[in-house]
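Colleague: Chains as they are written, first to last, in the numbering used here: chain A, 34 to 526; chain B, -10 to 486; chain C, 28 to 132.
Errors might be hidden in some of the hints.
[What the hints assert, rightly or not] Dumping the calculated DSBU-like pairs for lysine-lysine here, alpha-carbon to alpha-carbon at most 35 Å:
#: 1; chain 1: A; residue 1: K150; chain 2: A; residue 2: K94
#: 2; chain 1: B; residue 1: K224; chain 2: A; residue 2: K150
#: 3; chain 1: B; residue 1: K128; chain 2: B; residue 2: K366
#: 4; chain 1: B; residue 1: K78; chain 2: A; residue 2: K466
#: 5; chain 1: B; residue 1: K128; chain 2: A; residue 2: K132
#: 6; chain 1: A; residue 1: K132; chain 2: B; residue 2: K78
#: 7; chain 1: B; residue 1: K482; chain 2: B; residue 2: K422
#: 8; chain 1: B; residue 1: K17; chain 2: B; residue 2: K162
#: 9; chain 1: B; residue 1: K446; chain 2: B; residue 2: K366
[Stated by the list, open to error] Pair by pair, the computed Cβ-Cβ distance ranges are:
#: 10; chain 1: A; residue 1: E323; chain 2: B; residue 2: W296; range: 35 to 43 Å
#: 11; chain 1: A; residue 1: P285; chain 2: B; residue 2: H11; range: 43 to 51 Å
#: 12; chain 1: C; residue 1: D82; chain 2: B; residue 2: S68; range: 22 to 30 Å
#: 13; chain 1: A; residue 1: G333; chain 2: C; residue 2: P103; range: 52 to 60 Å
#: 14; chain 1: C; residue 1: A91; chain 2: A; residue 2: G52; range: 30 to 38 Å
#: 15; chain 1: C; residue 1: E77; chain 2: B; residue 2: R268; range: 49 to 57 Å
#: 16; chain 1: B; residue 1: E31; chain 2: A; residue 2: R123; range: 19 to 27 Å
It should be emphasised that the hints constitute simulated quantities derived from the structure, not laboratory data. The structure displayed is predicted, hence computed values, not measured ones. Virtual Cβ for every residue (Gly too), placed ideally from N, Cα, C.
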Amino acid sequence: MTDLIRLTAAETAAKVATGEVSAVEVAQAHLDRIAEVDGGEHGGVHAFLHVDTDGALAAAKAIDGKRAAGEELGPLAGVPLAMKDVVVTRGLPTTSGSKILQGWIPPYDATITTRIKDAGIVMLGKTNMDEFAMGSSTENSAYGPTRNPWDQTKIPGGSSGGSSAAVAAFEAPLSIGTDTGGSIRQPAAVTGIVGHKPTYGAVSRYGLIAFSSSLDQAGPFARTVLDTALLYEAIAGHDPLDSTSLDVPVAPVVAAAREGANGDLAGVKVGVIRELGGEGYEPGVTAAFEAAVATLKGLGAEIVEVSCHSFDYALAAYYLIAPSECSSNLARFDAVRYGLRVGDDGNNSLEDVMSLTREAGFGPEVKRRIMIGTYALSSGYYDAYYGQAQKVRRLIADDFNKAFAQVDVLVSPTAPTVAFGIGEVLDPLTMYKNDLATLPASLAGVPAISVPAGLSEGLPVGLQIIAPTLQDDRCFKVAAAFESASPFPEIPS
Amino acid sequence: MTFATVEDVLAKYEPTFGLETHVELNTKSKMFCGCSTDFGGEPNTRTCPTCLGLPGALPAVNALAIESTIKIGLALNCSIATWCRFARKNYFYPDMPKNFQTSQYDEPLCFDGYLDVEVDGVTHRVGIERVHMEEDTGKNTHVGGATGRIHGADYSLVDFNRAGIPLIEIVTKPVPGTGALAPEVAKAYVTALRDILRTLGVSDVRMEQGSLRCDVNTSLAPLGATEWGTRTETKNVNSLRSVERAVRSEMIRQAGLLDAGQRILQETRHFQETTGETRPGRSKEEATDYRHFPELDLVPVAPAPEWVEQIRANLPELPAARRARLVESLGVSADDLQQMSNAGVVELVGETVEAGAPVAEARNWWQGYLTQQANAKEVETAELNITPAHVARVIALVADGTLSTALARQAVDGVLETGDDVDAVIAAKGLKKVSDTGALEAAADAAIAADPDAAQKIRDGKVAAVGALVGQVMKATRGQADAAAVREILLRKLGQA
Amino acid sequence: MPDSHLSPRVSTSDVAHLARLARLAVTDAELDTFAQQLDVILGAVARVAELDVADVQPMSHAVALTNVFRPDEVRPSLPREDVLAGAPAVEDDKFRVPRILAEEA
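Could you build the full structure based on these sequences and the hints that come with them?
Modeller: Put into structure tokens, the structure is as follows:
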């Protein structure tokens, strides 16, 4: 039998649908793989914080039952998936990578959790992440790091490092991450898989533990562009429970991926963003990127250089906006209704218990961002910091609009470096610079995908493809074309 | 100088007041989620991820709340924003599920309006700064302290059923120039506001139940000063009477301090129902920085002008307009109108007339017996259980002879007690005029037999003496006899008819 | 890189103040580290002041939606067991909290 864990999601779904394999066999194969490679806090990939063996097998069995009864199955029925622990899952522990939610069992499902279950996708468990989605390496997890399957001394990226590593390690063909400043795209790039940040509003945020409300988006990870597209279509679409979700038809990304696979980019104008490259980008990354651009050109695309001056300020604007929003979003963790409670000794006041709990329950990066956000929103500082950052955000959106008037998609390296060593980057500001290339698209809310584009020093490099708002299908078309001409490096296992 | 009255204060100082009023809307579901707004209910049974502030939850705006807010704004002559947003007001408190309140900050939905209120025939215009939407908190109960209050409590218990109830905040502009009438004008404003809200049907507006809450701001400035004085905010003002008392007591307190050369602390004070005075709240070391910023889980509210105009066109007749119309249709003199107004019965009389009663009878009931009853019970006349419809019915039943005046009074008493329909009360109490001639004849005979002296006087021509006998018959029939018929029967029997 | 006129100097007392506002019982040791780190970060983000944005409309949202409302309909609430299940302390079906210092706002 073909090694089930090496199959793509599309292939798996097809085999399940015909009955060639059972969903239970598929689930079991992946659970075995997890047991084999995932290890835990002190060794192994450590992609997972919680494996739901019983739940996964039960869901798989249900799919097999439906098939046996002749019921119609969805395009991903029976395919296993790993869910980032920032997504609320009823009855399954959900920590957001933080001690403050240790042991919390949600009483409700996120909308995307419901959609995934309804699609017959088999959720294997919850994956590790930087605490409250703040980070670029998954080292900020309160539960220990995740290790890059390419080299377990290296970070898998962040904040969705667990979800990305799970797919790269063949522990699941699909996973869900969230992207606020690059937290899907950058892990995808450094673990050599595909990851997509949807247009802001395309995927419901109801049930996503909020980091930065105006930036957070859930999105798909997979090893192929088509798989990523299939998962996108399973989760995207309007949700009345999320007032910021767009009431528009789901972008036809699967069709676009299939169309793109024929490798024809004639007539497509591709813009190379000058500001997202050069100083701060490793030479190996730059070289891989240039090769990728050459590949696109070889497929018939016209390559144009564009300049988006405001992008140089994206990092500054983001690290004002996101912390400001999170300082407010994280205020609810107060030891009253759920989560950790510390210091309730009969003497301490509630105010003390709240402060002691948050001190004990949040890691340093979270505390830093809460304090920066509190500062930036303070009266007297608001205009100069948060207010100013919102104006810079408008300039960034305008630069995208101007660029898209000239070109169909924009490209850049996804991240300035390949995976660095666990424990290597200790300075917060240096860590923030992992997001240099991904931040602009986050701030503007436009869709962006990262696809594997070769190796540098044996480690994966990602190509970022950005499209105008609501045109997620354009990302997938170009990504699929690129994939057809530049096969993704095989992940060592 | 001692300040004991408002007049004393006015000798040296000019008062300015302002009011912040919170109104609970009577929507079926909460502001940002579908949980029921029904009162009562076991603790923590009307909550969901959103109003509990669970991780991952998001708000969704109640459309009716938007419409109700616009109605209120239009009724208060406000401009309606063409584009506005919700904003977060960030602070920690255990009854706050998110530790921020989703409210509106510098972009209220309605702004810049006014409400004219009349006191003693003089109209005062109270400017309305803004009308905006926000959500209520959960409720804390404090355990272990002597009084159940937060001081000295050992711990507290939180119920989130009321978290997320839609609240509308109405803020006046500062109101100067009311002089000695400041307390009355403040009360008149809240009364008029309450009446408007009731007419609009957007809230139960019961101050005792908390669906209408007032915070009163008061400041004094020396006569002729060009700047406002320091203002204090008084909370826990739970009735119309308390509004008036709170302003009065603050004016007097502040005058005493200012006159002694002391500063007024800008602070929050609490009104004490029992003493009529205010006491300081716990002082805060620093003013809270709420770090307002736009609520990004919600999108802007941009009511279409056509929609606003449609709401405006469908507004019910507001109290001021109705009053003007009634006054015209009642056709009473200015003096009469003033009397009725002072008694607070203009609308009541008007509605009674609309229900078919003649003006004089309507006035008679409302300005007479019913005002007496209201005073005895220490409530507003409008708060009595009896309504204009009841009174009109009673008047009609007297006019057609079904009820005598005495029976009418008994019927009214029954309605005051139970609030039931007039006819139901009559049936329950058996208040029927006894017109059965046989019974009346028998009662007349009994009365004549019991008082032969009076009977003889009547036979002798002293017709006036029949009054005593009529009285006896009325007593015997518990007032239900038709007095006129009884008189006639007696006189006939005694040879005088 | 030249300091903009906004370049902050974040002192340990500033950090203590922020920590109080944010209900974080930051330790003395942390105060110094955070002060240094925040100073660097705030210095970097203060760059936003370099751009001329006088005539620029702020953008708080990537999504150009307005008027998203839901009808005034009652939906089922969570069962009380679910509501209280994760609570650190419960009494009389309410969330129990230690004594509160500050008065209601």
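Colleague: Hey, K128(B) versus K132(A), does the alpha-carbon distance stay inside 35 Å?
Modeller: Holds. K128(B) to K132(A) sits at ~28 Å (cutoff 35 Å).
Colleague: Kindly confirm whether 22 to 30 Å is satisfied by the beta carbon distance between D82(C) and S68(B).
Modeller: Distance hint for D82(C), S68(B) holds at roughly 26 Å.
Colleague: Under the criterion that the straight-line Cα-Cα distance not exceed 35 Å, is the pair K78(B), K466(A) satisfied?
Modeller: Distance ~32 Å between K78(B) and K466(A) Cα, so the pair holds.
Colleague: For the hint 43 to 51 Å, verify it against the beta carbon of P285(A) and that of H11(B).
Modeller: Roughly 49 Å apart at Cβ, these two residues keep to the hinted range, so it holds.
Colleague: So does A91(C) sit 30 to 38 Å from G52(A), Cβ to Cβ?
Modeller: violated (47 Å)
Colleague: Would you say the C-beta atoms of E77(C) and R268(B) sit inside 49 to 57 Å of each other?
Modeller: holds (53 Å)
Colleague: Taking 35 Å as the top limit, are the C-alpha atoms of K224(B) and K150(A) close enough?
Modeller: violated (51 Å)
Colleague: Assess, step by step, whether the Cα of K17(B) is no farther than 35 Å from the Cα of K162(B), and give holds or violated.
Modeller: Since the Cα atoms of K17(B) and K162(B) sit roughly 31 Å apart, the hinted pair holds (cutoff 35 Å).
Colleague: Does the alpha-carbon distance linking K150(A) and K94(A) stay inside the 35 Å limit?
Modeller: Between K150(A) and K94(A) the Cα gap is close to 13 Å, so the pair holds against 35 Å.
Colleague: Between E323(A) and W296(B), does the C-beta distance stay in 35 to 43 Å?
Modeller: Violated - the Cβ-Cβ distance for E323(A) and W296(B), about 55 Å, lies outside 35 to 43 Å.
Colleague: For the pair we were handed, K128(B) and K366(B), check the Cα-Cα distance against 35 Å.
Modeller: holds (32 Å)
Colleague: Kindly confirm whether 52 to 60 Å is satisfied by the beta carbon distance between G333(A) and P103(C).
Modeller: holds (55 Å)
Hint compliance for this structure: hints 2, 9, 10, 14 are broken, all remaining hints hold.
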